[in-house]
Amino acid sequence: MTFTATDGFSLPSVAGESVRIADGPALLLFVSEECPTCALTLRRLAPLVGELTGAGLCVVAVFEDPLEVAARVARRTGFGGVVLSEPAPYEVSGAFSLESLPTAVLVDRGGRETGRVVGWDAAALSSLVSMPVTDEPPLRKPGCAAKNTYDAEALRALDGAGFDELEEMFERGWTDGLPVVPPTTERVRATLGGHDPDELLGEMAPALARVTLERVAACAVLAGCRPEYFPVVVAAVQAVLEPSFNVGGQAVTTQPCGQVVVVNGPVRDAIGLNGSVGALGPGWRANMTIGRALRLVISLTGGGFPGRLDRSTLGNPGKIGLCFAEDEEVSPWEPLHVSRGFPADRSVVTVFGADAPLSISDHRSTGPLALARVLGEAAGATWSPSWWPLGGTSLFAVCPEHARSFAQWGWDKARVRSELFASVRRPASALRWGETTPLVGAADDDQLVGKWSSPEDIVLVVAGGEAGRFSAVFGPCLGMDAIAISKEVPWIT
Amino acid sequence: MDYVSPFDERRRAAEPLAPRPVSLEGARVALLDINKRRGDEFLDRIEELLRARGASTFRLVKEIFSKPAAPEIVRRIADRGDLAVEGLAD
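Protein chains in written order, with our numbering: chain A, 1 to 493; chain H, 1 to 90.
Heads up, none of these hints are tricks.
Derived CB-CB ranges, DEER-like: (1) H:R59 <-> A:T254: 22 to 28 Å; (2) H:A13 <-> A:L166: 34 to 40 Å; (3) H:V22 <-> A:S454: 51 to 57 Å; (4) A:G194 <-> H:A14: 37 to 43 Å.
Rather than coming from a laboratory, the hints here were simulated on the basis of the structure. Built from N, CA and C at the ideal position, the CB exists for glycine as well.
If we strip away everything but chain H, and leave its shape as in the complex, we get (with noise of 0.2 Å):
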């Protein structure tokens, strides 16, 4: 029996990791707020973390939460940033 499957059947190749850091000394971390209460919190305390083991932090903030970031934001983490910790929170 042939069947008109519902689903979008294309496949997609997995985008392959970025290197992991060897040493956080000199990296510049993105700490993404995602707009949701007591993110910042969490947040505050991995800058804490960061910084102590000689990291440099800066931090951007989605506008809603429960949609994708801003390409604009996704665009500054990756010029400014070697790595990107993101908060998620409630």
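With the rest of the complex left out, here is chain A (with noise of 0.2 Å):
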């Protein structure tokens, strides 16, 4: 082999740039990984690279190997000399007909090839860099093929060895940012459990993207979720592809709002899904995969991805997505999905367009009035606080100590509606700052002006562990002209 000015090569290197080898005198050294004789060749080798580099030879270590694997080799053996990585087909390799590695090869100034010595063969080296190497055992140790010689369904395996699938999907941008589970046809097709792929679910703004059951089977198994959550997703994307959900305003709006999804009925049970003691927060795999698929098919389906469509100032942590369930065996009350009309046995996703949720600590109030009136008015913060009437639903997760003092004291949940709309009235004169209504501009100063139009606006959910004074309430996303969406879960595995 010679190789010259015209017909050198240039490899990537682990210095950064890649390095052109066109001329002598250099000893290049074509190794791999893989291979232990290799190592042991280049461990061997490392004590003589300053003085052979001070005698104006050229120490190259070849690596058949991707960039990071050769400077994890280079440094652990203490090979110093200049490192590059050549990648498959390895035609380098084969430009020079090697067989196996390691193949030592000394080229001369004009880049003839004057020398070369196949596997670890102290004598031979000695000789071929005229300069002793070490004597210590094993003098000689036969290497590993080149793979330069391997076949192409050889290579292709090889391939596959350094494909990592998780790196893959962010590459594609097939993700929210967190890593995700690849939707392999296997998955998906598990996910659809029969489910006819093509089935057209509508389209979703702003992408108008053709929302079928595939896709939104390929964003379930992205999110993790398991099989048997499918039919939940799917539920809550019929949902919010309701026109009156105005998914696609609330995709790309500035305000961090999110889409909270609440599961009632016999599903609850049947996929794990938690309404007890941390609901709103992590830990169960069927409330983080849930609302985040369909926050995926939201981003990535429907085009509202953070940054890009998606404008949403500031974002919140529940734009990962937000799923729980009722506690309905722990409420006082009917559950979420009676009020809102089907049937107690029935499992009925409601979709609401809401802010993060604001923690409320109440744990010393001794009569509904006043509990009411603190959670009344936390919510009338929400949005802005001179902002009344907020012109949306708000969302309250009653925890069950709150639920279940309202039910000693005799109220039950329309009377707890009625009482905290009631409860949370200011003068108009008193909401004339910061970002207030037209209503509240144009009202006589001693009006009475509530922060919600009517109890209808208020909606209560108990959630939360049997222990601790905290409920919380989501504020409505505005501006959508937006109501919430109940649908029945369509099956259950």
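Put the complex together from the two separate chains, hints included.
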């Protein structure tokens, strides 16, 4: 083999820039991480690199491995020469007609090969570089096949070995920024469970994308859903696709709102959806992944991706996904889906456009009016503290202790809603600061204005741990003319 | 590895731009107020400037800023106008 200025080679170097080798004198050490004899050779020649370099010989390790692997092996073996990485299909190795690794090739100033040693052979290498190498045994050791000799199938398998599916998802942009489960055809098929992949659920703004069951299944897989969660995801997607939900507006608004999914009925137990301790937070796969699947349908399929068409000023952690069950068994009241007209034994998803939850502590109230006032006044600050009435739906997650107190004091759900509505009112004159509504602007000074236009704008669900008097309120996504939508879970596996 | 894309991979042909007007003289300009606060103030000023250049104007208002304009509004713009200006505000 001769390589000259015109037919030398250039390969990526661990030092950063590509290095072009066009003439000698050089000692080329062809090696690979997978070959133990290569590591032995590098380790044993490492102490000589300085001296050889000083004598005017360029000592180069050409790895048939990716750069990061080459760098790691060079570091571990203490090899201080030039380190290059040769990609498949290993054309440089082919040009040198390599059969196995390690192979040391010495080339002279004119680029002519003047000698080569195949495998570890201490005596032959001493002779090649005109310098004694170690006499520590083993003095001879055969190596491994060079990768340029592999057939196409073996190379493909090798490529696959270095392939990282999770990184591939990031490169494709099929993520919300967290690692996802790659939506392989097998996983998506399992998630579909025999349902028609081409069934069209609707078009989603802002991308005006056709939302098919298969795309929803892909998002469910990406989010980490088990196949039995899929019907709940489908119901949530059907809900947000209702025109009166205005998902397109919600997806792109500067308001940092997300979509909150509340689930009622038998499916909660069937899939292990949590409505008890920590219901709004992490810890339960069904909660975390169903909400996330819906958000992926909105942000990937629907095109409402943060920073692109989603212009949410701050975002909120709930935009990763927020799904929880109502704890119907602990609640003293009728469940949300029953209030919304569904039979108690049906599984129903209700979707709200909502801001991040605001936690409300009340460990002191000794009567229902006082507790209602605490909850209501906290909600008074949502959207903006002097923006009354809100003009949207507030979702309260009432903790079991608060709910039980109301029940013990004889208040049913309707009473709590109407008293909440009535308890949060102020004279218009007290609301004329900051961001205020046209209604307040036009009202007489002493006209009482409520935070809500009607008790119908207050939705109560019971969720949370048995201990602790912390409820929460989600402010609405405003300016959307949007309402909460309920959909029955279409099937249960 | 075969994956199922979450995206609708259809490619849409770009809509060609309408020819640009050479002059505003005599043009009928639709001013679309998306119904966001102070958008009318912006359009008032645009209207003044357009009229000074010989254009006539007519105003339309979307029902709500966060939803697409109703088909009726789009049809009226197309039927009655040569040009349209939409005002975003806050």
